[in-house]
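*Asks:* So you can see what is in the structure, the chains are spelled out below.
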Amino acid sequence: MNHCRSWEHGWSRRRMLGAMAGGAGVAGLGGILQPAAAEEMARNDKQILLIWLDGGMSQLESWDPKPNTPFGGPFRSIPTALPGIHVSELMPKLSRQMKRLAVVRSMKTEDANHSSGVPKILRGQPRNRGVTYPYLGSAVAKLMGPTESGLPPYVWVKPGNGGFIAKHAGFLGAKYGALALGDGKPPANLVRPDSISSAADAARQELRRKFNRQFADRRRANFNEANSYVYDVAGTLMKHVELFDEAKLSEKDRRRYGTHDLGRHALLARRLIEAGVRFVQVTSYGWDTHGDNFNSHASRMPKVDQSVTALIEDLYDRGLDERVLVVMMAEFGRTPRINGSVGRDHWPNAWSVAMAGCGIRPGTVVGETLPDGTDVKTTPYDIGHMFHTWFSAVGLDSAEAEYMNGTQPLPIAHDDMHKVDELLI
Amino acid sequence: MVWSRSSLMRQPLVLLVACLAAADGSNLVQAAEAPLHQVIDRLVESRAGKQPLAAMSDDAEFLRRVMLDLAGRIPTVAEARRFLGETAADKRFTLIDSLLSGDDYPRRMQELFHVMLMERRGEHAEWTKFLRYAFNQNLPWDRVARAMLSPDATDENLRGAAYFLTARLTKEGAMAPVDVPGLTRDVGRLMAGVDFGCAQCHDHVSIEDYKQVDFQGLHMIFENMQSRGGEFPAVTEKVMTKPREFKSVFTRDPRTTPLRIPGAGDVSIRTFPKGEEYSVAPDRKAKRTGVLKFSPLRELAGGLATGKNPLFARNIVNRLWFVMMGRGLVEPLDLFHSANPPTHPELLDRLAGEFVSHKFDIKWLLGQLARTRCYQRSSRLPGDQPLSPRSSYTVANQKRLSAEQLFWSTLVATGEIDRVKPATDDTLEKVVARTESLVELQKQFLKTFSNPPKEPEVDFAPTVKGALYLMHDQAVLDLVKPRPGNLVTKLAAEPDTGKLSEALFLAVVSRGPTTADVQVVAKLLENKTGAARIEAIGQLAWALLASTEFCLNH
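Those protein sequence lines, which keep their order, are chains U and G.
Each residue of the first sequence is one higher than the one before, starting from 11 at the first, in my numbering.
Each residue of the second sequence is one higher than the one before, starting from 1197 at the first, in my numbering.
Keep in mind the hints are simulated off the structure, nothing from the lab.
Small disclaimer: the values here were computed from a predicted structure and weren't measured.
By construction, the Cβ of each residue, glycine as well, lies at the ideal position given by its N, Cα and C atoms.
Just to be clear, a hint being listed does not mean it is correct.
Unchecked claim - Covered, in the sense of this in silico footprint (three residues per stretch, anywhere, with C-beta under 8 angstroms from a C-beta of chain U), are these stretches of chain G: (1) 1289-1297; (2) 1571-1577; (3) 1658-1665.
If we strip away everything but chain U, and leave its shape as in the complex, we get:
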């Protein structure tokens, strides 16, 4: 097992930074440079749904198949709704959605080392300024804030345990971390017991706030802010308890999305988006197919195909496609070369990312790889280009907007990169 995980460097840097900047190691260092822009954002109703295939989905078994080549593997390619465009036979349903999707086949990123690619990609890998950047969800939570729903702006649906994952927020401060719903389950104790009336609850919470205000007087503010924030979030979540009531789901939806983890989590993600969560991330683990790549993809891809198709259909049926940006990606693709364990290793040199919805030009395929898939043939795009593109798609001007880290202005996406116009409406 390897321990070279760059979030740990990042974590360390954040703590050092907090110390240098006057001790806001807890929360709330970041600000946005232009307050006018911030106000405008409060009225922005755009949302983002990120499907993250942790470990690295193979581009060759999905968006960029190379059948009948030395590295192509056993699967065929199939035509899609877009004339001339083929995808892997492992995604028949998504192939029929291609007119709604945009795919970049010319992703070329830097980090193939172990899993350090995960934080790099999720942070948009901006230029190194000694600052730990937020993950995309935390960035959007900061830049756009909660929607009018007041729901926590960054919710992460994942297998395993839940909790509040502060470290995603980087220098922005813990407050912008992810509320993680382990296995899509609501946090424990979400429902107020009958023994406390809502009036009694309101009374005790008001007392708590009064005592906190007094305590915070002439003390470093961030501790009380962080503690008060979790109570606010708890209160908001309680108002949406029905989101977690699986009995309210239709049998048809369950069938369409699938009863596997990814299906259930994607369906919850749709409901969270409908309820007004600004940024939802759904994670599927276990894509690091160093061994037995083809059987793994044969069992995994149909789940992606099923649940993501259901999601795209629903967004379009409900008119949410104009408001919700959907992105599906991983930290890198997989090597064209097939290794001795019939696996594919990490390959950041040429891989694919897919997106749809808000601001995205539907039915677009950008870029091309070499015939054997080993490298990008057209203009390569880095994750920084994608961050500019996605920010633009939801109405953020990433060339203008900046974070404030204390007195240090910081670009929200890599300052040497730009949005990809072909992908945008």
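Following the hints, complete the assembly by docking chain G onto the known chain U.
*Replies:* Same frame as chain U, but now just chain G:
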């Protein structure tokens, strides 16, 4: 000695350490012309320069802080009244000494070191027993560390120390192999303050001092060892015969290294003819592991856990400083290297030197830290001055409470202990151990307020989970219901709002109420009688329990 950045930055760790050792080993252990706590204040205050200092804490603020740090809980109302009423000029020093020799101290230290060293990996009765023994006896830290690094299965009091190693050698599911590199990394982090984790496969890419050879030379010790299994944690070692071979994934050059101990350098491997490797031969039938003539673990324990190793003393004094002062002199706590110098280099040298010359006496060091003005300042900012950095120690840093501190304090605050405690003078923990509902409550507190396994508990990180637990969990709500003997019942019997406020605030937040506090209480209770009044008193108690003030050591 000043840790010169320019001259040392490009030196590998061993060289760096050699420089430190030369300075630390003897010169720094100077005859103490003044007690350490005075030296600390001089160094901290001269460094703070013109930055305004916060006022000294008042007695209530000090009492709560020092009890949380040295007893792991807030004071009872009786303890608070006694201390606040005392008039002796040296009453703070007297209190510090009585806490250090009190019943709560070994429990608090056991909990503190458990969290620090195990990072919520799990529990083991033998490990708990070892820690409790160590702090009951006030064993020197080098002795404690050697017990963990080179466990002695024949010593019933200390054998549980092996859990430090064995807990890190468990399989975590079918897909996850036993994480030996993780153990190597943790030994570096927790015992020497150096995180070699990122130097496993190549030299560290951003930290000049951390070399792959440092990792590999330490790692071979743990690759040569395994968990023995059985009723108590124990390890066995194989005979080590040859140096470790490794390659950097960058250069691919084959290299070898003998044992390599953080802060101490290479130890060559001594080999013996076949059949003569043991001074006491292993005996399978008697389940005896035997004693190796060359035991890599024993070499590690001897080379790392000693006053001659500068990293060893610096790591622990920095961690204990962090516990008391809310910030490390080196942060992150496990990233000692020449490009990350301490905020107060002379102070760190002094702490390490005196700790060694006081024979690694943790109790002595904590007593000195608690005596400082630095520790005893208020956490309230001096006026509306701009914020000084946390590392200036001009204002007391607010600190996170551990799940354990929160649990014991909640029992004290709500009078739950008074409710279940019979007329004996049992310790808190004995009362809990024989009260089923409280054992369960303790379990829930630990589950709710601890970090996930392997995440160091250093930052204040309140969670929605914690908020919802305090808001809705029935066992918590029961604590603020009127039940015979508990706080709410006692308060309900008090007709005078002023006295009621005083008792309430002293019980929960260990201080008297402010005028504004009394007004809040008076307004809430105005015109309320009977059940409505009692319910309102419960709300007050709950609101203080859930307040930021309660969940911090401020």
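*Asks:* Does the structure break any of the earlier hints, and which numbers would those be?
*Replies:* 1
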